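Visitor: The chain contents come next:
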Amino acid sequence: FYHMDLYGSKDRFDIFPEELSGRGDRSLGDMRRESALSSKKVQRPQEVGYDLEKEVAELAKMYGLDEDREKEIEFLGGHLEKVESRRPPAHTEKAGSQGSIYNTSKSSSSVEDPSQSTKQQGLPDEASQGENQSKGRADDEAESNIWSKGGLSSGGMSDEWNSQAVSEEEEEEEEEAADVFCSTCKIPIRAFDKLFGEHKDHEVAQLPSALESEKEEIHKNMCKLEEQIAQMENVASHLEEIFITVEENFGRQEQNFEVHYNDAVQVLAQKYEEQLEALGEEKRQKLEALYEQLVSCGKHLDTCKELTDETQELFLENDKAEFMKVKSFNYIIFSPYNYRLEEFLRKEVDLELSTLPDFEERVIDISEVEQLMNSINAIPAPCAPVINPQAPSAATGTSLRVCWGLFSDDTVECYQLCYKPVSNERHSDEQAEHTLKVKETYCTITDLLPNTQYEFWVSALNASGISPPSERAVYVTAPSPPTIKTKKIRSCENAALVCWESRDLNPVDSYTVELSKLTDEENDDIITESIVGIPNCEVLIHLQPTQKYRVCVRAQNLGGSSERSEPVLIHTTGTCFYLNEDTAHPLLAILDDGFTISCDELENPECDLPVYDNSFTRCIAILGSLIPFPGKHYWEVEVEEDTEYRTGVAFENTPRHGHLGANNSSWCMRHIITPSRHKYEFLHSGMTPDIRITIPPRRIGILLDYENCRLSFFNADLAQHLHTFKSHFQHYVHPCFALETPGILRIHTGITTPPWTAL
Amino acid sequence: MALKQVSSNKCFEGFQKVFEHDSAELKCKMKFGIYLPPKAETGKCPVLYWLSGLTCTEQNFITKAGFQQAAAEHGLIVVAPDTSPRGCNIEGEDESWDFGTGAGFYVDATEDPWKTNYRMYSYIKDELPKLINANFPTDPERMSIFGHSMGGHGALILALKNPGKYKSVSAFAPICNPIQCQWGKKALGGYLGPDASKWEAYDATQLVKSYSGSRLDILIDQGKDDQFLSAGQLLPDNFIAACTERKIPVVFRLQQAGYDHSYFFIASFINDHIKHHAKYLNA
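First to last, the protein sequences are chains A and B.
Last residue of the first sequence: number 759 in the working numbering, and the count goes up by one each step with no gaps.
Last residue of the second sequence: number 1042 in the working numbering, and the count goes up by one each step with no gaps.
In case anyone wonders, no lab produced these hints; they're calculated from the structure.
Each hint should be verified, as a subset may be incorrect.
Not close to chain B: a few residues of chain A, all C-beta gaps over 10 Å, as computed [stated by the list, open to error]:
1. Ile366
2. Trp756
3. Ala758
Mimicking DSS-like on lysine-lysine, the simulated pairs with C-alpha atoms at most 27 Å apart in a straight line are [said to hold, decoys possible]:
4. B:Lys983 - B:Lys823
5. A:Lys726 - B:Lys776
6. B:Lys776 - B:Lys1006
7. B:Lys769 - B:Lys786
8. A:Lys679 - B:Lys983
9. A:Lys679 - B:Lys823
10. A:Lys679 - B:Lys776
11. B:Lys823 - B:Lys769
12. B:Lys889 - B:Lys944
13. B:Lys945 - A:Lys679
14. A:Lys726 - B:Lys769
15. B:Lys769 - B:Lys889
16. B:Lys1006 - B:Lys786
17. B:Lys823 - B:Lys968
18. B:Lys889 - B:Lys983
19. B:Lys957 - B:Lys983
20. A:Lys485 - A:Lys439
21. A:Lys271 - A:Lys224
22. B:Lys889 - B:Lys945
23. B:Lys776 - B:Lys788
24. B:Lys1034 - A:Lys632
25. B:Lys1006 - B:Lys983
26. A:Lys726 - B:Lys1034
27. A:Lys299 - A:Lys224
Anything over 12 Å on all C-beta distances counts as not near chain A; from chain B, calculated [as the list claims (entries may be wrong)]:
28. Leu762
29. Phe774
30. Thr822
31. Phe895
32. Ala955
33. Gln981
34. Lys1006
35. Val1009
36. Ala1016
37. Asp1031
38. Lys1034
39. Asn1041
Source: prediction; values computed, not measured.
Positions of the beta carbon are idealized from the N, C-alpha and C atoms, including for glycine.
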């Protein structure tokens, strides 16, 4: 079978039935007979040499054959002689051809001798070979077809082959003086034939040109053959590998068989011993019982005989009286004989066999053996696989890619992957275990919970069974993308404070903030900065003024990084803060825009409004949440002319029960309306300078300048400076707003600090 | 219009100088103080005119107010002229401290014998700026004015009578409503005649009522313990009321108890005023 693969086509194989011993020879079979390998060439002269030595004896032997046979050989020999005569001795084709002939002869055995004679007789004819060379070559091709046919119909068909050869021989005799080539018939012909013979209508060519084209053809074929040699060599080396693999596999299977059969034999031997023992025991018991019965039987017999003798004795007593006396009642009663007889007769003889001769039916249990036998052909159950620890980037928020491997080269049909969420709670049993069958040594499990630990273990399965489970490996899914609290973003010209919340229950390791500076150009998405390893849910980012930034957050855990959060846009045109609702007095309302505060009434009749821990209780006020960043912050407050208000800044912990500006933790401008005029106070610790302002500001600009230790108020519409507090703020302050009469205050943030605030 | 340097002292990297010149308007020799900030050595600077109060010469402000540092910082040329013509030998000019010499009141007199020389309004408005612009590296487009007491009155009326001429105006304890106070009545009556209606042209409170033009941002500081405030010479409330009504932006700061009418008071708040003017002059 091995060879079949190599040769593919059957005819070549059949032609060289005896050359299959070595690889060098095998490759020969690949060749067409027009050419031959050098190995063959080498082989041939050796054979010839050998043949010549024996030539005389062989010739004699040849002549010793019967008439028909001789004639056949003669024909064949003649034909071969002619073939030989048309070829130069060194011509490769000749060697190949001869080799073929030789081999075929050998296989058919009947043409062996003629081939010898051909060689012998062919040598003197060399002189005439030159001129006939081309013709011979054409012939040769024609012949080779015949040889092939001969080969196809197997080596044994020499008769048919001979007859063909004979007819060809006759044909060839006519063509001896050929000088042109008939393209139609593919044979050299005499020019005369072209004019008058059967080739009259055929296309002819001059012999030299025909020769050239044939040579080219041959060269092409040579190339093809060389290619095939290379190909075959590859195949052969591949086969060698397969050969080794087969050896290994079969070796292993042999071992496997040995182990299993040994097991089975042992089990059988054990069974045999057990059964034999049980059988012996039963036999002994039965024999014992039978012996006992036999003994008692013997005793009975003795008694019986004794009584018979006594009875006989009695019977022989002639004295009737004596007899009767004996038979008398008293006698009967008191005679020991009578008593014994009575007794004996009364006693039933137990003729039942105490035990059955046949043995108990025993079920020979060979199921174990059967099982063993069955398992012989099967492969052993695999060993436990080894589950890999979690690889980086193996996790997304909802999926995990789990990998495992086998230590041994067990045959595995599939794996059984189990997992469940890791839980510290006692009801962990309630957590469903999931089982999957997987063909590969990896699996991507989807639909998982984000930022959750899962335990994985895997078993290997094949027809023989299931392996023990692997160790349990804990994998963790990536977190969910955090949610940026868009309403809680604080920023200024040089920084932003972004905070977010995790969407996962379990804590994550850290967060990464990604920052892209947006330009008018297209490549907006280029991340200009990443801040990694943020432990909390907020970060202060330093930015450049008057830019637009897109900010995203990712959560990070051992499993990897979450998707990006929804991005937020931050403009560093000016300071942006938000109102801290927790601090709002119950009567103070924030409208939907988030920056308009209103107060409808100063007193609530019900007085049971909810008051939060952090809210102002006396002053109807609210604090903003300003970014804790040094530098300048500017915002504006739009007021109605008749609204009384306080606005300014305060420490975060400014007393909630007092009025803004009445303590040393707040600084604010106050507007009150007196009967005569609008009164403006600039309050800190309850003190105010006496300042008269002729135009009530409608839009108050507030500049907080930490660097220059000042808090300035402006009439923003007029760019009019109203007042400046000079203070080294010990802590960061927050904007504050309070209404003292019903009305509204509109707060404007994100405003570029106007240049006129500079002085 | 030849300038004669009287003195020159380096001050905060600039120079505080005093010049003397012959005034065509006043027909006498006039002195003025000028502070040239370091910036003036390399470029043109805005000019801030200071008008002093009664009895003052060009010396009071430049020696007492301590404005030079702020002026140097903001690159302002500060010009401090005298308060009246001097040495004109007009009869009665030295009789009282609140009329005549040292009390020009920044008006152009119409009455004899004052009308020839006492033309302080025109001097401040036209001649002095022309002189300054011709001799110093100034930006003629950028000028402001401020003053103290009578000078505060002068600054206010100059600003109010010449909308757009001055970028800003401020005053320390100005005489806001001279037609209503003793000082004003005496001076205006003396220079302009008994017809009180003529006085109104030099009364800030009256001028505000008819002011229209480019926006002014007026800063006024007033000491709470200013004896002339309580004496009813200054009357800022009238001016504020008029400004409130006319929507003229004023920030009037009544400074803490203890501040009086002196240059100590001025020195305390001079920086705020320099900043106030610098904000508009350097905008």
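Visitor: Is the straight-line distance between the alpha-carbon of Lys889 (chain B) and that of Lys945 (chain B) 27 Å or less?
Guide: violated (31 Å)
Visitor: Is the straight-line distance between the alpha-carbon of Lys769 (chain B) and that of Lys786 (chain B) 27 Å or less?
Guide: violated (31 Å)
Visitor: Is the Cα-Cα distance between Lys983 (chain B) and Lys823 (chain B) 27 Å or less?
Guide: It holds: about 20 Å lies between the C-alpha atoms, which stays within 27 Å.
Visitor: Given the hinted pair Lys299 (chain A) and Lys224 (chain A), is their Cα-Cα distance within 27 Å?
Guide: violated (107 Å)
Visitor: Does the no-contact call for Leu762 (chain B) survive, Cβ to all of chain A over 12 Å?
Guide: Since the minimum Cβ distance to chain A is about 32 Å, Leu762 (chain B) lies beyond 12 Å and the statement holds.
Visitor: Find the nearest Cβ of chain A to the Cβ of Lys1034 (chain B) and say whether that gap is larger than 12 Å.
Guide: With a cut-off of 12 Å, Lys1034 (chain B) comes too close to chain A, as the shortest Cβ separation is near 5 Å.
Visitor: When you look at the beta carbon of Asn1041 (chain B), is every beta carbon of chain A farther off than 12 Å?
Guide: violated (8 Å)
Visitor: Regarding the pair Lys889 (chain B) and Lys944 (chain B), is the alpha-carbon distance no greater than 27 Å?
Guide: violated (31 Å)
Visitor: Mind verifying the non-interface call on Val1009 (chain B)? Its CB should be farther than 12 Å from each CB in chain A.
Guide: violated (4 Å)
Visitor: Report holds if the minimum CB distance from Thr822 (chain B) to chain A is greater than 12 Å, and violated otherwise.
Guide: holds (26 Å)
Visitor: Given the proposed pairing of Lys889 (chain B) with Lys983 (chain B), does the C-alpha separation stay at or below 27 Å?
Guide: The hint is violated at about 37 Å.
Visitor: Check the hint pairing Lys679 (chain A) with Lys776 (chain B) against an upper bound of 27 Å on the C-alpha distance.
Guide: violated (43 Å)
Consistency with the previously given hints fails for numbers 2, 3, 5, 6, 7, 9, 10, 12, 13, 14, 16, 17, 18, 19, 20, 21, 22, 27, 33, 34, 35, 36, 37, 38 and 39, ordered from lowest to highest.
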